[in-house]
Amino acid sequence: MGWRARILATLVLLALSISPALAQLRGVELYAPRGFGHVIGDTLTLTADIALDAPFRLDSASLPTPRALNYWLDLRDVRVKDQGVRDGVHRYTLDLVYQTFYAPLEPRRLTIPAVALFAVDGERRVAVDVPSWSFLMSPLREIVATGPGPAMALRPDIAPRLLPTAPLMRGLLLALGVALLALLLLAWQMGWGPFGRRRSRPFARAARAIPAALAAPAADPALAASRYARALQALHRAFDATDGKGVFAEDLPGFFERHAAFRAAEAEVRRLFAASRRAFFGADPAGAQRELPPAELVALSRRLRAVERGTA
Amino acid sequence: MRLRRLTLFATGTVLFASLAAASWLGARLIVVERDNGLIASLNAGHDLAISAEDPPELVFARLHFLATRDRLDEAQPLLNQLAGGPDRRLAVAALYDMANARLRVAFNHLESSRIDPAIPLVRLAKDNYRRALTLDPGFWDAKYNLDIAMRLVRDFPQIELEGEELPPEAVKKLWTDLPGLPRGLP
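In the order they appear, the protein sequences are chains A and B. Just so it is clear: in the first sequence, position 89 is 89 by this note's numbering, and no numbers are missing. Just so it is clear: in the second sequence, position 142 is 142 by this note's numbering, and no numbers are missing.
Source of the hints: derived by calculation from the structure; they are not laboratory data. For clarity, every value in this text was computed on a predicted model and none was experimentally measured. Yeah, the Cβ is synthetic: ideal placement off N, Cα and C, and Gly gets one too. Misleading hints may appear alongside valid ones.
Said to hold, decoys possible - Under 10 angstroms between C-beta atoms, here's a sample of chain B residues computed to sit facing chain A: (1) Val32; (2) Ile39; (3) Ala93; (4) Phe107; (5) Ser112; (6) Arg114; (7) Ile115; (8) Phe139.
All chains should be built: construct the whole structure from the sequences, respecting the hints.
So, in structure tokens, the structure goes:
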């Protein structure tokens, strides 16, 4: 709106003696936009600060209704804000939004008429006048066209535009992305597809559980024996998990039938089972370690992991 | 186990919801692409019948097609539909394009000195421009074209019965309702 001119509507004090009721009106201050340079179709907002003595209220029935005031001026909007009572003064802010449709040929002074309102307190009524306001309207075009082209060339039409598809496309891609993520998460949770194979890789787990340090000769034979036994157990658990049930030496032909890939390591597997039979049932850990030395056990665990992975 | 089932259920719900959203968006996209095809062919000059249920952008494309071919009577129902519709931008565009079309027809009449049929067209054009400016007071092209229309057929104050509403000086400024191509000072 730019800067605002401030017009104080002075009270006619003479009227006091005629109408004592006027004392109830403290004042009407009008805040207006700049008073020049308005063109056809512009909206003008006049703001009036109205101060009344406390028991008086602005009569809302006296407010103008938005309508066409005359052939060039529309009252578009009327907004009243009650600012409440302070120090015995009831203040209101009244916004009047006008729209002018005057088409001047040269800058022309026009006047927005005064608005007559009423303040009421029970039976008493006081007139509250929002003063008139005048401003200059400017033309948009010269009187005789001197520019190039035809004199009354219209501004071009608004061409129809296509419906926007980008937001829909973005939403679709987002939804598909979320669906794909959810599907992957579900597959991981359910162990479908590649996740299933990853989850059931018992030999990989066994190879991880058997430390490379097992291959190095240990100083304490008892400690070495218990580590060797744990390594054997880890491998046995891997066989059990792969077959889905306990695998013993006598089950090995069936195991190789079901899991043909492991046939590549059949001799070592048989030695492993022989060693564990000695270790767990023969109570001969030293003999077992001679049958399958720790270094070879580590190598076997790596081999079986490779077979399981399919890279042997 | 309970937690596992809960996360499985949550994942499944997310999957289902996102798939439902994707299928809805995909269906919408197909419909919008079809409408865009229709708008493009209207813009290319092929007339297509449309229905009132079609999206307002398509209705506006048809209105533009009719208005640029001086088929104003067919365009008027579409203008009524758009001007009363919820899309303010399209309402403004429809009012403006229709007013431009009326003014162009009026120019044709004036060029061959047929004044009587031109006057109502200019008046309707002015009314459409005013309604467009009421919706969008910052629409400069409508201001400019309304200025042109105003100089063709001036507004004049109507003498209202409630005299106090009318500023007294306005009563004196009676304009004759004659069209005039401005050739100098009025």
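Can Ser112(B) be said to touch chain A, with a Cβ gap under 10 angstroms?
For Ser112(B), the interface hint is violated, since the closest Cβ of chain A sits about 15 angstroms away, which is over 10 angstroms.
Would you check whether Arg114(B) satisfies its interface hint, that is, whether its CB is within less than 10 angstroms of any CB in chain A?
Violated. Min distance 17 angstroms.
Interface hint check: Ile39(B), Cβ to nearest Cβ on chain A, cutoff 10 angstroms. Holds or violated?
Holds - the Cβ of Ile39(B) comes within 10 angstroms of chain A, reaching about 6 angstroms at its closest.
Quick check on the hint: Ile115(B) CB to chain A CB, less than 10 angstroms?
16 angstroms, violated
Restraint satisfaction for Phe139(B) [CB to CB of chain A, less than 10 angstroms]:
At 7 angstroms from the nearest chain A Cβ, Phe139(B) passes the 10 angstroms test, so the hint holds.
Per-residue hint verdict: Val32(B), partner chain A, C-beta under 10 angstroms
Since the shortest Cβ distance to chain A is 5 angstroms, the answer is holds.
Hold the hint about Ala93(B) up to the distance rule: shortest CB distance to chain A must be less than 10 angstroms.
Result: holds, 4 angstroms to nearest chain A Cβ.
Interface hint status, Phe107(B) versus chain A (Cβ within 10 angstroms)
Status holds, d = 7 angstroms.
The structure is inconsistent with the numbered hints 5, 6 and 7, although it conforms to all the rest.
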